[in-house]
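Using this note's numbering, read the sequence shown as starting at 1 and increasing by one per residue.
Since the hints were derived computationally from the structure, they do not count as laboratory data.
Bear in mind that the values here come from a model prediction, so they are computed numbers and not experimental data.
Misleading hints may appear alongside valid ones.
Ranges of calculated distance between the beta carbons of each label pair, as one might list FRET restraints [claimed, not checked]:
(1) VAL60 x LYS178: 41 to 47 Å
(2) GLU200 x PRO258: 17 to 23 Å
(3) ALA94 x LEU58: 17 to 23 Å
(4) SER195 x ARG161: 32 to 38 Å
(5) ARG202 x ARG164: 21 to 27 Å
(6) THR125 x HIS256: 37 to 43 Å
(7) VAL52 x LYS180: 23 to 29 Å
(8) GLY245 x VAL42: 41 to 47 Å
(9) GLU148 x ARG241: 25 to 31 Å
Quick reminder that beta carbons are idealized off the backbone N, C-alpha and C, glycines included.
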Amino acid sequence: MTPVALTIAGSDPSGGAGIQADLKTFHQFGVYGEAVVTLLTVQNTTGVDRVVSMDPGLVVEQILAVTGDIPPNAAKTGALGEAAVVSAVARAAAEFAFPLVVDPVMISKHGAPLMAAEARRALETELIPRAFLLTPNLHEASLLSGMEVTDLDSMRQAALRLHRMGARAVLVKGGHLKGKAVDLLFDGGQWREFSSDRIETRHTHGTGCTYSAAITAGLALGLALPDAVERAKRFITEAIRTSPGLGRGSGPVNHHAPA
Numbered sequence: 001m002t003p004v005a006l007t008i009a010g011s012d013p014s015g016g017a018g019i020q021a022d023l024k025t026f027h028q029f030g031v032y033g034e035a036v037v038t039l040l041t042v043q044n045t046t047g048v049d050r051v052v053s054m055d056p057g058l059v060v061e062q063i064l065a066v067t068g069d070i071p072p073n074a075a076k077t078g079a080l081g082e083a084a085v086v087s088a089v090a091r092a093a094a095e096f097a098f099p100l101v102v103d104p105v106m107i108s109k110h111g112a113p114l115m116a117a118e119a120r121r122a123l124e125t126e127l128i129p130r131a132f133l134l135t136p137n138l139h140e141a142s143l144l145s146g147m148e149v150t151d152l153d154s155m156r157q158a159a160l161r162l163h164r165m166g167a168r169a170v171l172v173k174g175g176h177l178k179g180k181a182v183d184l185l186f187d188g189g190q191w192r193e194f195s196s197d198r199i200e201t202r203h204t205h206g207t208g209c210t211y212s213a214a215i216t217a218g219l220a221l222g223l224a225l226p227d228a229v230e231r232a233k234r235f236i237t238e239a240i241r242t243s244p245g246l247g248r249g250s251g252p253v254n255h256h257a258p259a
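Take the sequences, apply the hints, and build the full model.
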């Protein structure tokens with residue numbers, strides 16, 4: 001059977017993030033990708049000019065259409081925008097018979113807001129409890145856990161808080177730590193660290209989307225969670241290292257890196 005992965009996320013017309021990055025990543029892992037659009041953006045490598053959310057009913061219709069015809073082996077969420085969309089996705093996710101990776105996208109690489117405060121509350125109370133894996137970066141972990149997350153010790157504390165909010169497993173991404181880029185995985189019982197050398201480049205557009213998509217692809221292939229994260233960590237590190245340098249701002253990572 002062909003492995004299938006679903007992304008429920010926003011559109012980035014520049015191709016570096018969102019559903020475009022997710023689909024390219026799925027393909028690189030040999031996984032068939034399907035996509036449900038939650039919002040449209042006007043953006044490129046220099047910034048985000050406009051964000052338009054989809055109607056929540058339309059988002060659910062898309063989910064039902066694809067899952068009823070080509071059921072995925074794993075799915076992920078990205079930018080969801082409004083509270084009503086978050087709630088709608090959470091209700092749909094209650095029926096998922098496959099793991100859901102929740103990437104709690106709140107702001108763009110350029111600092112543009114992609115999630116309102118009410119939507120964050122819906123994320124915390126409705127969607128996080130549906131997550132097989134939650135993948136916040138340091139900023140997102142700080143907002144969701146209600147504490148400042150700046151080092152490995154606070155990453156552990158935040159992971160525990162987020163696990164208690166209902167996520168089955170939590171991967172706190174330390175890409176903005178000083179020194180090595182260390183990501184911390186907690187599955188409710190065991191802790192694991194995934195480390196890589198820091199790569200100095202401005203071309204990191206779509207890093208979070210691509211990383212979570214790579215994990216989702218690994219799960220769709222049947223990998224255990226730690227193995228899926230480890231493979232995804234290698235992929236995103238190489239994708240950053242070999243970024244093609246496109247655009248006048250923060251360009252995309254290399255979605256053709258070895259998977």
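These are the hints, each one checked on the structure:
no., hint, verdict
1, VAL60 x LYS178: 41 to 47 Å, "holds, 42 Å"
2, GLU200 x PRO258: 17 to 23 Å, "holds, 21 Å"
3, ALA94 x LEU58: 17 to 23 Å, "holds, 19 Å"
4, SER195 x ARG161: 32 to 38 Å, "violated, 23 Å"
5, ARG202 x ARG164: 21 to 27 Å, "violated, 37 Å"
6, THR125 x HIS256: 37 to 43 Å, "holds, 39 Å"
7, VAL52 x LYS180: 23 to 29 Å, "violated, 39 Å"
8, GLY245 x VAL42: 41 to 47 Å, "violated, 23 Å"
9, GLU148 x ARG241: 25 to 31 Å, "holds, 30 Å"
Checked against the numbered hints listed earlier, the structure breaks hints 4, 5, 7 and 8; every other hint is satisfied.
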